[in-house]
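With this note's numbering applied, the sequence shown corresponds to residues 1 to 157, in that order.
The hints are simulated quantities; they were obtained by calculation from the structure and are not laboratory data.
It cannot be assumed that every hint is accurate.
[As the list claims (entries may be wrong)] Keeping only pairs whose Cα atoms sit at most 25 Å apart, straight-line, the calculated BS3-like set for lysine-lysine is:
(1) 85 - 68
(2) 68 - 97
(3) 153 - 14
(4) 62 - 97
(5) 40 - 85
(6) 40 - 53
(7) 97 - 14
(8) 14 - 40
(9) 53 - 97
(10) 85 - 134
(11) 118 - 91
(12) 68 - 40
(13) 53 - 68
(14) 85 - 62
(15) 116 - 101
(16) 118 - 134
(17) 133 - 116
(18) 53 - 118
(19) 91 - 62
(20) 85 - 23
(21) 101 - 119
(22) 62 - 14
[Unchecked claim] Across the chosen pairs, the derived CB separations fall in these ranges:
(23) 104 - 51: 19 to 29 Å
(24) 124 - 29: 47 to 57 Å
(25) 131 - 67: 40 to 50 Å
(26) 75 - 104: 31 to 41 Å
(27) 17 - 48: 51 to 61 Å
(28) 110 - 27: 40 to 50 Å
(29) 54 - 13: 42 to 52 Å
(30) 147 - 45: 47 to 57 Å
Backbone N, C-alpha and C fix where the C-beta goes; we use that ideal spot for every residue, glycine too.
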Amino acid sequence: MSSVNYMTQEGYDKLSAELEHLKSTGRQEVAAAIAEARDKGDLSENAEYDAAKDAQGMLEMKINEMEKALANSRILDASQLDTSKVTVLSKVTIENKRNQKEVTYHLVSESEADLKAKKISVTSPLGSGLLGKKVGEIAEVTTPGGTMQFEIKNITI
């Protein structure tokens, strides 16, 4: 995560809010779980204490990763992006050449990706295969099931 992480203002704000929640409420909950487990007696044979300490370690690791992501983030202004080719924040309509089905995806940063909302990461195989393509071009994407071809039908912001 040492490279630049491009994101929308909405994504940046959401990540910042989640980080603040983890730093305050998350840390308090983990500290309470550790204190409760410590009160149950011998720590050398206390599985609850070990689990609570592991949860604390995982929480601190997640906080650290989120802080790095925010420190390396650059907020993009969609109004200044070029729609002649696929870039981060583009909404691209593609047609699967195998079954002729069309779908529109919004290319976003890894931290904002949400497949249910049709937001895919630019670092995903499909996202990276679409980057830089223009309307009418064919993007070949290598998947575990083989190579798939997608025609770029439309690019918007």
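Status of the hints after comparison with the structure:
1. 85 - 68: violated, 29 Å
2. 68 - 97: violated, 39 Å
3. 153 - 14: violated, 31 Å
4. 62 - 97: violated, 40 Å
5. 40 - 85: violated, 61 Å
6. 40 - 53: Judged against 25 Å, a Cα distance of about 14 Å means the pair holds.
7. 97 - 14: At roughly 36 Å apart (the allowed maximum being 25 Å), residue 14 and residue 97 break the hint.
8. 14 - 40: violated, 38 Å
9. 53 - 97: Roughly 51 Å separates the two Cα atoms, so the pair is violated.
10. 85 - 134: holds, 4 Å
11. 118 - 91: holds, 10 Å
12. 68 - 40: violated, 37 Å
13. 53 - 68: Cα-Cα ~23 Å, so holds.
14. 85 - 62: violated, 34 Å
15. 116 - 101: holds, 17 Å
16. 118 - 134: Roughly 20 Å between the alpha carbons, so the hint for residue 118 and residue 134 holds.
17. 133 - 116: Holds: residue 133 and residue 116 sit about 24 Å apart, inside 25 Å.
18. 53 - 118: violated, 37 Å
19. 91 - 62: violated, 29 Å
20. 85 - 23: At roughly 39 Å apart (the allowed maximum being 25 Å), residue 23 and residue 85 break the hint.
21. 101 - 119: holds, 18 Å
22. 62 - 14: holds, 15 Å
23. 104 - 51: 19 to 29 Å: For residue 104 and residue 51 the Cβ distance comes to about 43 Å; the hint is violated.
24. 124 - 29: 47 to 57 Å: With a Cβ separation near 32 Å, residue 124 and residue 29 fall outside 47 to 57 Å, so the hint is violated.
25. 131 - 67: 40 to 50 Å: violated, 27 Å
26. 75 - 104: 31 to 41 Å: Distance hint for residue 75, residue 104 is violated at roughly 23 Å.
27. 17 - 48: 51 to 61 Å: violated, 30 Å
28. 110 - 27: 40 to 50 Å: violated, 25 Å
29. 54 - 13: 42 to 52 Å: violated, 30 Å
30. 147 - 45: 47 to 57 Å: holds, 55 Å
Checked against the numbered hints given earlier, this structure breaks hints 1, 2, 3, 4, 5, 7, 8, 9, 12, 14, 18, 19, 20, 23, 24, 25, 26, 27, 28 and 29; the rest are met.
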